[in-house]
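*Asks:* Taking the hints into account, I'd like the entire structure generated from these sequences.
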Amino acid sequence: MKIRFPVQELEHLFRVQRTGMQNTPLHDWHVAHNASMTDFHGWHMPLFYTGITEEHNFTREHAGLFDLGHMGRVFVRGSDARKFVDYLTPANVASAQTGDVQYSFLLREDGTAIDDITIYYHDEFVLLIINAGNRERDVQWIKEKAGAWPDVTIDDRCESWSMLAIQGPSSESITSKVLGEDPSALAYYKFLYYKESRFGEMVISRTGYTGEDGFEIYLSKEQASLLWEKLIAAGDDRIRPIGLGARDSLRLEAGMPLYGHELNDSLTPVHAGFNRYISLDKGDFLGKKSLESLVSSGTDKKLAGFEMPQRGPIPREGFNIFSPEGQVIGQITSGIFSPTLQKNVGMAYVEPAYAKPGTEIQIEIRNKRYPATIVKRPFYRRKRP
Amino acid sequence: MSRPADVKYLKSHEWARRDANLVSVGISDFAVDQLNREIVFIELPEKGRKLCQNDSFGVIESVKAASDLYAPVSGEVVEVNESLNDDPAAISDDPFGKGWMIKILPDSPAEFDALVSPIDYEKQVAEEAH
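First to last, the sequence lines map onto chains H and Y.
For what it's worth, the working numbering labels the leading residue of the first sequence as 1, then goes sequentially.
For what it's worth, the working numbering labels the leading residue of the second sequence as 386, then goes sequentially.
Possibly wrong hints are sitting among the right ones.
Unchecked claim - Lysine-lysine pairs mimicking DSS-like chemistry, simulated, CA-CA at most 27 Å apart:
#	chain 1	residue 1	chain 2	residue 2
1	Y	Lys508	H	Lys2
2	H	Lys83	H	Lys368
3	Y	Lys435	H	Lys368
4	H	Lys2	Y	Lys435
It should be emphasised that the hints constitute simulated quantities derived from the structure, not laboratory data.
*Replies:* Structural data, given as structure tokens:
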């Protein structure tokens, strides 16, 4: 047996740890709990503890705890903080109230995405959450752009702070037990800021990357490890640590993009179908002109979800998609055998004419073509009480 | 797990068991571990296919990876374990038993005899596990 795909993700099985890898404050905890570790953009992170599928299902049924210390956190402060973020991103900043979270992007002048981010609006700051793989260049970009704004200061807490997520139906009861605060009133995509909580200065939002109810919590490195232990203890058998493997399959079922796959240096949010997150009617912002012309002209390819009706080989990133007539019309960006839906699903960039739900396509896997259908995302939607 | 004494191996972790005049083929528990014990799909050959030793006879897929499967001996595929199509997890649950994949009518007995012995395989696995 010889593993042939994807080699880089399996490296952890064969390799002694590379030098120069970065660790989160919870690194030793993961290793002590027998996590199978992987290299994620230079971070030594848990791929899984007991098994990807098992952890995936557990999160959907109970609660999963995720170490997201590798992601980046940047506070924008000063009297022009909002104005600066309004210029820096395509977000609808004017509509945001204190306590709102928005999904957005960092864009170049040509509209291509440096990263996808979340923005937290508060009277005292605007907080930007950025991806691990883009951390250095995002911070550099933000600082460089802020240079022209005398009333903006950048408070980079990538190093001093950390981040956890608790996701799944049991999240609320476990979290309220531990925090001593009641987060149940917190609505989806809202957050609370505590100057002084039981765990020190803290931001908690009702957000996530799994399609489940849950919270993302930002706090100092030292407190993050303490909070992790407390959540594990308070959750009893209803909470488990979850690795990056299940994080990827959970977000995929929820139809959420992952930078480096559905978005990258040559793609814009318009390609990915995120027009609703782009405020073209506001003042000037980075990438505005390019996005305007793309919105009016249309893009040469569009992001679409697909599913495969029959059990078969797994549709993986990079595989070609064909029209029924046999023309190449696109490529897969992410694909899995969905543990929840028990079928193969994925996302792909295809020519716009083939991006409509219901369109029949074919996926080529190892020189053989298999039928698939374009479907609406998300693939999985949780039942709400 | 303790591995059976009646099988021999390819270095690439496929096992072979002589079974009257046929040779059954599967993958070892070590190979299953390398796939994180999460097998979601297997592609097996058609009956009647002729294989040379070390030919790829199929593909096994875990959540994160696809892997080629290699024939321990040359010969003709005479039986295929079709039940694995619906239940690929049987390979991780019972790799040396219910997880058998194909049976080959071998061209020559010499190939089987020259495969890696159980004792040498234990040594190989101990080395690779480091």
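*Asks:* Hint by hint, note whether the structure agrees.
*Replies:* We went through each hint and held it up to the structure:
no. : hint                 : in the structure
1   : Y:Lys508 to H:Lys2   : holds (19 Å)
2   : H:Lys83 to H:Lys368  : violated (53 Å)
3   : Y:Lys435 to H:Lys368 : holds (20 Å)
4   : H:Lys2 to Y:Lys435   : holds (20 Å)
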